[in-house]
Amino acid sequence: MATADWNPLGNVYYRNVELYQMDWNGLLELNQYMIAAAPYGGPIALMKDDKKTGRVSTNVKPIINVYNAAGKPLSQLRWNSGNVVHLGWSNTEELLCIQDNGVILVYDIALNFKRTFGMGQEAKEMKILDWKVFSSFQGTGIAVMTTSYRIYLINNVDDPRVRKLAEVPDLNSAPSSWTILNLDRQSRALVAKDAQLFLVDHGGQYQEQFPELASPVTAFIEMAVSFNNKLLAMFTDKGVIWIGSSDLKKVYCEFNTKASQRPQQLAWSGVGAVVALWDKLCIVVGPEKDWIKYNFESFVYLVQEEDGLRIIGNELHQFLQKVPDVTEQIFKIGSMEPGAMLYEASKEFSRRSQKADEYIRMIKDKLDVAVDQCIQAAGHEIEPSKQKALLRAASFGKCFLTDYRPEAFVDMCQMLRVLNQVRQFSVGIPLTYTQLNHLSVPVLIDRLVLRKLFCLAIRICHYLKIPDAEGASRILAHWACYKVQQKHEDEEQLARSISQKLLDAPGVSFSEIASQALEQGRKQLAIKLLDYEPKASEQVPLLLKMDQNNTALSKAVDSGDTDLVYTVLLTMKDKISNMGEFFMAIRQMPIAYSLYIQYCRQQNPKLVEDLYYQEDNFLAEGNCKVVSSYSEEMFEDRIRKLEAAITCYQKAKMEFASKQTEDQIKLLKIQRKLEDESNKTYIDMSLHDTMYKLTQNGNHKMTEQLRKDFKVPDKRFWLLRMEALAESSDWTELERFSKSKKPPVGMEAFVDVCMKYYNRTEAMKYVNRVTPDQKVKCLVKVGNLKEAADSALESRNEDSLNIVLSKAIQSNNKQLIETIRDYKIRLNTKK
Amino acid sequence: MAAAGPAHLSSGKINLGVLRDHYRRELIECIDKCTGTKALVWDDALTGPFGLVAEYSLLKDHEVEKMFPLGPKTLQASNVQNIIFLTRPKLKLMELIAQNLLNEDHKGPQRTEFHLIFVPRKSLLCEKKLKEMGVFGTFTSVEEFSLELIPFDNDLLSMEIDTTFRECYLENDFTTMFYVAQSIMTLQALYGIIPYIYGKGDCAKHVVEMMRRMKGELGGREPQITPQIDNLLILDRNVDLLTPLLTQLTYEGLIDETFGLNNTSVKLPAEKFIPKNQKPDEPLEPKKFILNSSDELYADLRDKNFNAVGSIVSKKAKAITLEFDERHQAKTVGEMKQFVTKLPHLQKARESLTTQTSIAELVKEATNSDGFMETLRCQQDFTNGLETDKIHPYIEECIAKKDSITKILRLICIQSYCNDGLKPKILEYYKREIIQAYGFEHMITLMNLEKTGLLKIHGIRTYAIIRKSLKLIVDDVNEQVPNDISYVYSGYAPLSIRLAQYLARPGWRSITEVLNLLPGPKVEEIQQIPVALRKRRNSITSSHSSTGEQRVTLVFFLGGVTYAEIAALRFLAQQDEGGTDYLIATTKIINGSRLIDTLKEKIESVKINPF
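Going down the list, the protein sequences come from chains R and Y.
For the first sequence, our numbering assigns the number 1 to the initial residue and increments by one for each residue that follows.
For the second sequence, our numbering assigns the number 832 to the initial residue and increments by one for each residue that follows.
Because the hints were derived from the structure by calculation, they are not lab data.
If you're wondering where the values come from, they're calculated on a predicted model, not measured in any experiment.
Wrong hints could be hidden among the right ones.
[What the hints assert, rightly or not] Result set (BS3-like, lysine-lysine): computed pairs, CA atoms no more than 30 Å apart in a straight line:
| hint | chain 1 | residue 1 | chain 2 | residue 2 |
| --- | --- | --- | --- | --- |
| 1 | Y | 1254 | R | 659 |
| 2 | R | 741 | R | 711 |
| 3 | R | 575 | Y | 1254 |
| 4 | Y | 1195 | R | 814 |
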């Protein structure tokens, strides 16, 4: 019978399911140990407790053992630190060993030391009296009470910040009991001073609490907070259990156990019942004063879970839970729920009985509910055979439905498969379906990784089709980190086997594995592994750390990340004291080399010149010299720089450049001379500008000299002179110039230059000398439109006439417009 | 951040508002890391781009109370709790910042905290520099804000890094290419993996290689978005150095050539924009205009050939007058009301019309000058392959008249390109003329131009073949109602855009030979997209949709793009048979003068000591 192990508690049922036969059975007696078991089916840590064995403490250091939930040993450690008073687990399954001086040492599940922190100076000096490990809104918290009855707490063991709680007034002896309550995202302590209750926080406040009490109380001697932090149970010295809300505002019941002795453990089973344990007897009390009694054959230890209570004993590991509603609906004797009917139908069907049909007919219109119920109920079963029977029923029911969405069924099958795997004795994580939903699959996978169950974890990822980047890759990376710690394996082989497995996995950080290898002192392995790292930004710094400069440089260059290249270059420069050697090293990489030059150009231009010199880049060296010559203040220095540049250009066989530089020196010397003579500035002017200035100053002889010396082309010389003369209004000289020799420029250029300096009269002189085809254009330029029109008519050029017309329109000369239109008609008729 | 930003960014085929929001979120995250009131100290080059991403009111909402430009002087006094420096990672700027901080020290102890935000990326060198100057420890935090591609318009993104071409081809420094690759990765994170990648040129290849690496670094954590961009075309400016050198003849291009457009805004002489009867007594500050597609008329005009602008403006003017006149016909109250609701829109349109008319007049003045026309004629000679192998009289004359050196270098470079390099004698003549006329210091600039290939000794003849096979010269160009991209340069079709055009149809395979003649390798790569994310094409349902099957191609110009090229791409996108929509990204929007200017060697001469 499915309901054989059900016990009624008021109108609900409780059942005690067997999870495991303990592996440690016969090897140890639990009552001699300090016990810590992590929630969510976590590991169990045991440490021999001298007080419990009653033996005189010896100098032998105690041993800490960690077991999985099935009692299979996972790891062992001989304790060699201070006096451990309590063990606890954090929410990331780290073992917290609390010493009597308030120092907490943190170990991972394999008992590798992780870190340590203290609970403050007072705890250290005064020693601690009592302690609580609790789950806070930030993670796992720890609270300790010092021998001076002050409470210190931290909210998160990953980020330990010690807070001091307010003082309870007139507390001169140890409180009769206390616990930590999590309300409104704040952790506060509820302290019982006999019958008085105080709520203290770290803001220095305390509040006395007055819960509703039916029977008189002299002292609260035990407290228990439910897993979800919403409910509180308190045990009084009169044997009464007070059950209420954790804010003490609501009371559910007071139940008199008539026990005078303090219970060994007071705990919640889920949120529905409080369990009090005395040695081998335990009482389950419901909110309506209903109760069940259980007897155990030996010492047991209780672990609160979200949806029940785990009971760990020498032989058995059991799970006490409220029978889930949906399970009750299906299996309760005489239940007429659709799920129950469907389950029956399925059973009859497998017996080939026609009754199956009858049952189905009875629930025809509620078949979808029935299927849902069977799927849900399957989730709550621990036994695979029961899961199967229920799923079979669901599947059977689904056959009669046309539009039932299959997701729920498929999801449940997948989850159950995963759950059954991790519940296996060898894995030993007895999670329920409810717990897994809360914990989430990624966290479960993390926990498997912590237990080094890499293969199982990867299989689960693949089975659930978790993307590789989030699942398999991460696991493989952990595996590889673990692998490089195993020193007995051959490096070559190790690198190969790691890369083989990880190369196709996206998003694996090889540099992380490599740095792990480096930490283990395996440099060669690290270098080999780093070669597989796709992220240059992580690869390069590590390569530098290992002195692999050249590899680092080439990897940085390949990445295209300039900053990374500079990181390498500057590190190398610091490391290699010999500059020549450094240059040799970077010369092989043109990009790195150019970047270094870029850097020097901004920081140290002289160094750039040296660099070019070193590699016989004479052209670039010459250019550097030319550029730097301009910043020389002394004339002689400037000339000297330029002369040096000429040598460079000659070496580089740059004839043009060296000739130009020579010319520049020549020009500079002339300019210097001119400055001395005329007290005007000439230096830094171009040859052209120098000649221009000379012309304007009337030094025509010198201008002529320069023209010859520097072979200035005729045409440019003419234009230059014309412009200079016109600007300085030397119209006579201009005219004389126009008549000398045969000008290489047309007369229209003279017109232009005159007009540029607004001398129409002078311009007119040249208009008469221009060639006929340019005449109209020039007349337009001087603004004589009428004459331009006449001239255009004369030369019978309609295009020119049109140009004049457009100008006339622009200047809005109506009379002229008429005339030109007239001309145009004349021109056309003549044709 | 509820505001989706200016509406015009979201109106394109790809919603660039998403990108803008992404940057705003990152910026705010950066700024919010320090609590309390803040003052921002800006690297000047950043203010323009930032203005396009985050307006002052947004910063104000996050307790930014004051903003100063970064200068050599001491910081202005302000009683804020935090001073945040926003800067590009340049050593010069680090010196300024250090000076500022050291001056601050003299003022004695203060409670102000200092922060530093690098844009777009932290730089080790800069941090080292700050350490050397002993101020690095003063910063409470050093962050980076990766503002890479700034949305200029609904189809246009720019990184606003103007030295790219110089760095890549003169200094062998490919840092910007790394930023480009990262910016494409950002785009892919927001708009999905781009399935097909094409590229031409050394830098393009470099970028594609880095993208491949970065993809590897993502390690399978790729964005699970259906790709919105189908193709990526990366064009290295080196592949087409001719186009940017030519004078752009679109409206927007000419505004840029004559007045210079920076971050979509232009400064114009203010006299033109005040009513004629109230002449001011003193010269006015130039007036600033923001030009983008949020102005309907401008959106219409910007990509037109300038010769077509007049007719559009007058048509628009008539239309607006007509609409205003409607009020006379309005008889009933209902009609009147309808008119009034239209009024704000009409007034805005009229205002925009006045502005655009004035701008067009200003541009017209510039283009009417003889110099402009002759320059254009000279350019057209060259692109047609005429007179390219002798000294051009116009260039000679310009040198003699000492016209702007940039203009001359532009022309000579065009000649060099169209002649596949100049005869040694001609090149030497030009160089000597320039040195004599403008000074010896330009010799290095000329060497720079030679090093980048803008000037060269003549080699294998390829230009004629390229010109013919890509139909670069179109004689019967229609400037009013264009039927080919050549309208943007009145008869010359930009080579770069021809490449994009051929890629879309019929494909690059048809022009393999020409591609081989152009410098740099060709890149083609396919990025696999998971089946679930692929666009479903040619399915039965989509054939009904009116939007059709337009593919989106992102064209990334490494080393800059001109407004005329942008116009040509937009023209292609509008063609019915094109079937391709274009999203344009670039390191910087350039024109010939800007390109040449970055290659100039800046030499400052100290005054000679007279003794």
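Consistency of the hints with the structure:
1. Y/1254 with R/659: holds (19 Å)
2. R/741 with R/711: holds (18 Å)
3. R/575 with Y/1254: violated (50 Å)
4. Y/1195 with R/814: holds (24 Å)
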